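Colleague: Keeping the supplied structure of chain A fixed, place chain B upon it in accordance with the hints.
Protein sequences appear in the order of chains A and B. Sequential numbering from 1 applies to the first sequence in our numbering. Sequential numbering from 1 applies to the second sequence in our numbering.
Everything hinted at is true.
Here are the simulated EDC-like cross-link-like pairs (lysine to aspartate or glutamate), alpha carbons at most 16 Å apart as the crow flies:
{"#": "1", "chain 1": "A", "residue 1": "K197", "chain 2": "A", "residue 2": "E241"}
{"#": "2", "chain 1": "A", "residue 1": "K197", "chain 2": "A", "residue 2": "D250"}
{"#": "3", "chain 1": "B", "residue 1": "K207", "chain 2": "B", "residue 2": "D230"}
{"#": "4", "chain 1": "B", "residue 1": "K222", "chain 2": "B", "residue 2": "D257"}
{"#": "5", "chain 1": "A", "residue 1": "K106", "chain 2": "B", "residue 2": "E364"}
{"#": "6", "chain 1": "B", "residue 1": "K222", "chain 2": "A", "residue 2": "D75"}
{"#": "7", "chain 1": "A", "residue 1": "K317", "chain 2": "A", "residue 2": "E332"}
{"#": "8", "chain 1": "B", "residue 1": "K222", "chain 2": "B", "residue 2": "D243"}
{"#": "9", "chain 1": "B", "residue 1": "K197", "chain 2": "A", "residue 2": "D75"}
Sample of chain A residues facing chain B (criterion: CB under 7 Å; computed from the structure):
{"#": "10", "residue": "T41"}
{"#": "11", "residue": "G71"}
{"#": "12", "residue": "L285"}
{"#": "13", "residue": "S297"}
{"#": "14", "residue": "R392"}
Hints listed in this document are in silico derivations from the structure and should not be mistaken for laboratory results. No experiment lies behind these values; they were computed from the predicted model shown. Don't be surprised by glycine CBs; every beta carbon is placed ideally from N, CA and C.
There are 2 protein chains.
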Amino acid sequence: MRVETLCTGDELLTGLTADTNSRFFQTLLLDRCGLTVRRSTVVGDVRGDLIEVLDTLAARCDVVLVSGGLGPTTDDLTIECAAEASGVGLVEDERVLEHIRARFAKRGIALTPNNARQARVPVGAEAVLNAEGSAPLIIQRRGACTFFFVPGVPREYRHLVATFVLPRLEAMVARAGVTRLRILKTMGVPESHLDEKMRPLLPRHPKVTFGYRTHAPENHLKLLATAPDDAAARQLVEAAEADARAVLGDTVFGVDDETLAQVLGRALLARGWTMGVAESCTGGLISAACTDVSGASGWFVGGAATYAVSAKTTWAKVPAALVDTHGVVSAEVAEAMAVGVREVLGTACGLSTTGYAGPTGGDEKNPVGTVYLGVATPAGVTVERHVFGGDRERVRSFAAATALDALRRRLAVSEDTVSQMVDPKQQPKKK
Amino acid sequence: MRVETLCTGDELLTGLTADTNSRFFQTLLLDRCGLTVRRSTVVGDVRGDLIEVLDTLAARCDVVLVSGGLGPTTDDLTIECAAEASGVGLVEDERVLEHIRARFAKRGIALTPNNARQARVPVGAEAVLNAEGSAPLIIQRRGACTFFFVPGVPREYRHLVATFVLPRLEAMVARAGVTRLRILKTMGVPESHLDEKMRPLLPRHPKVTFGYRTHAPENHLKLLATAPDDAAARQLVEAAEADARAVLGDTVFGVDDETLAQVLGRALLARGWTMGVAESCTGGLISAACTDVSGASGWFVGGAATYAVSAKTTWAKVPAALVDTHGVVSAEVAEAMAVGVREVLGTACGLSTTGYAGPTGGDEKNPVGTVYLGVATPAGVTVERHVFGGDRERVRSFAAATALDALRRRLAVSEDTVSQMVDPKQQPKKK
Chain A
1 MRVETLCTGD ELLTGLTADT NSRFFQTLLL DRCGLTVRRS TVVGDVRGDL IEVLDTLAAR
61 CDVVLVSGGL GPTTDDLTIE CAAEASGVGL VEDERVLEHI RARFAKRGIA LTPNNARQAR
121 VPVGAEAVLN AEGSAPLIIQ RRGACTFFFV PGVPREYRHL VATFVLPRLE AMVARAGVTR
181 LRILKTMGVP ESHLDEKMRP LLPRHPKVTF GYRTHAPENH LKLLATAPDD AAARQLVEAA
241 EADARAVLGD TVFGVDDETL AQVLGRALLA RGWTMGVAES CTGGLISAAC TDVSGASGWF
301 VGGAATYAVS AKTTWAKVPA ALVDTHGVVS AEVAEAMAVG VREVLGTACG LSTTGYAGPT
361 GGDEKNPVGT VYLGVATPAG VTVERHVFGG DRERVRSFAA ATALDALRRR LAVSEDTVSQ
421 MVDPKQQPKK K
Chain B
1 MRVETLCTGD ELLTGLTADT NSRFFQTLLL DRCGLTVRRS TVVGDVRGDL IEVLDTLAAR
61 CDVVLVSGGL GPTTDDLTIE CAAEASGVGL VEDERVLEHI RARFAKRGIA LTPNNARQAR
121 VPVGAEAVLN AEGSAPLIIQ RRGACTFFFV PGVPREYRHL VATFVLPRLE AMVARAGVTR
181 LRILKTMGVP ESHLDEKMRP LLPRHPKVTF GYRTHAPENH LKLLATAPDD AAARQLVEAA
241 EADARAVLGD TVFGVDDETL AQVLGRALLA RGWTMGVAES CTGGLISAAC TDVSGASGWF
301 VGGAATYAVS AKTTWAKVPA ALVDTHGVVS AEVAEAMAVG VREVLGTACG LSTTGYAGPT
361 GGDEKNPVGT VYLGVATPAG VTVERHVFGG DRERVRSFAA ATALDALRRR LAVSEDTVSQ
421 MVDPKQQPKK K
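In isolation and in its complexed conformation, chain A is listed as follows (with noise of 0.2 Å):
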């Protein structure tokens, strides 16, 4: 089966924005059907452009997934084209249409003429609506090949490749068996250590595949099998993934959809522990993780992000004077916030960061990308320290997942001499 993909948009072909939308679906088109996109296109959007592209792709492939195009304004082109292609007409959906009023009367926003060309589909094309927003899903059938016509929005994009292309490709798959995925989820192993860790484990795995996908500062290990049946295919899975687990230890924090915020907050629950956080150079990221989690007020108390000094000693009761003595960018002063903020906000748990994200910033002994994170349990507290390479975004997200794992394994090791040293219900005293 021939799977391609187009994407349309000047703003991809300037510079401007990055297609972030196709890994999307090359990863779940080879994790769900097992098969990799052929080619992948992207136009502008210049009607001739887009005509000859869409004829182009109708006569040699079986599947193609078209992104972009598909709002309410004169440059969105894409299913004009598609039925111009096809040399059909555009009929205005009565469903599409009515999805698109209730949306804009939802919101209290006025319903413009413009609007109702997102209800225009090409005639005997299918329309799906879009629980994300106004432009349906157009399926269209063009001979043996069979177009998928998506909004680039990534939002609309993920929610409709995933409930609606993904099953229809399975369907259409003819696959001999059942395929299982298993996502084991690291932290602090470099991709390459991965692979090298692996590959004892290859000859006793043979029907299994190993993948390795780096999503920094994370590096994932899949494992794929297919087998006649399901319980087969996860049986081959599970027994790799126990070696796999005998190998990784700890640096495993999770799996498949899990995040290291949600994998944290339930290690916390698990034992009625809450936390805070006093940031610097993170200046928030590690808060908008734990509260991207829903449920997190069962863990998550609060976070400063504390910039400037005056907010280290307001909020974290930092002294000056330590500031003064050691510098900001000190395991002092981060052991001071993991502390401090622990006792402010009478949690269980404290993490600090302090450093220089850069592109300004640091000293001989602390140059730009160097961090101070501090972790206070009841158990007590530590600091490590990290020098992160690349520029102020990388220095500032690798700080935070740093952060997060550094109190998940201390939280996971610690376990029963924690529990036995303190109760975690009391309010924590001053170191």
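Modeller: This is chain B only, laid out in the frame that chain A set:
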């Protein structure tokens, strides 16, 4: 001049690797040559596909930038296919071989026979030595089309494209026209309304292309013009920009690659003002956006993700009784948070959010998606109520951006008034 790009490599079609190279070239091409890539194609390491695409591109393009498949291994097929497609043989380039030998000698690594593969050049093509790696840039003419073959390794790609490819292209386009692009970024204008508002302007700017892009919750207007020289192109775009700004007013928050937080930071810096944040449902997103800006320490003092009620009372001095009386998601609490954080940190401005991000929570009066935003400045405090649709992630990101924009608009509108009312350098007094 028709320019297209071709990226090769299986890893670009399986979701494993993102193509970060193309944006680099696209941006340079637009900035330095005023040209836009017409179409972009990705193919896997499949001989038949590669040859077919090279032939198609040779027939319709003036310039093609091909990246990837120049390595030493047997799945690196690009140069072989380039020779085969154009019906010529391969010849070993002694200069390139010497360059590779020297690189290996310097590192004390033995040259393997397959490294010599990288010294093979299609007969008649030009090889340019690569200071960053082994594989040379290869320039091949086929009829009216010039192919530039560069390695896919980002460091080598960037070096060769910036140093050799772009200067050649600049020389080639010296006689053609120049394109200029301007992006106006708006908040609070739905994409379809943007189109409606711009339509009356189109007849007055026939040489300017008006385009629209959604980067939720922002919507962007793209103004693109091509003219014989840079000054003329710039003039066309500037005239359209002035007209567009007259219509869009203060919904335009920035241009080109500016972010909302950058613009807000600049507005604060211009007044010598600072800000603090107390966020509940956005849980750190506002702080993270602010501290993402390099130099944020000049205007961002701190932000508290006051998730639990206890964090609101501790860090933003919100009276517990106020929460009891009005509920945590209320205008009163939003106001108290904005005023409180401003007072606690001694900043000129305070910004706050409290709401139901979902999927659970909410009540009849304030359903999931309801967010109250508090904006405190030396001139006083205001509260906005919004109801955002979509999932938890969307509600959070819309609320964070809308809050930043609320403060931005407040500063823009009240600039003169506020400056006269209060000395912003003074410690703000209790409301």
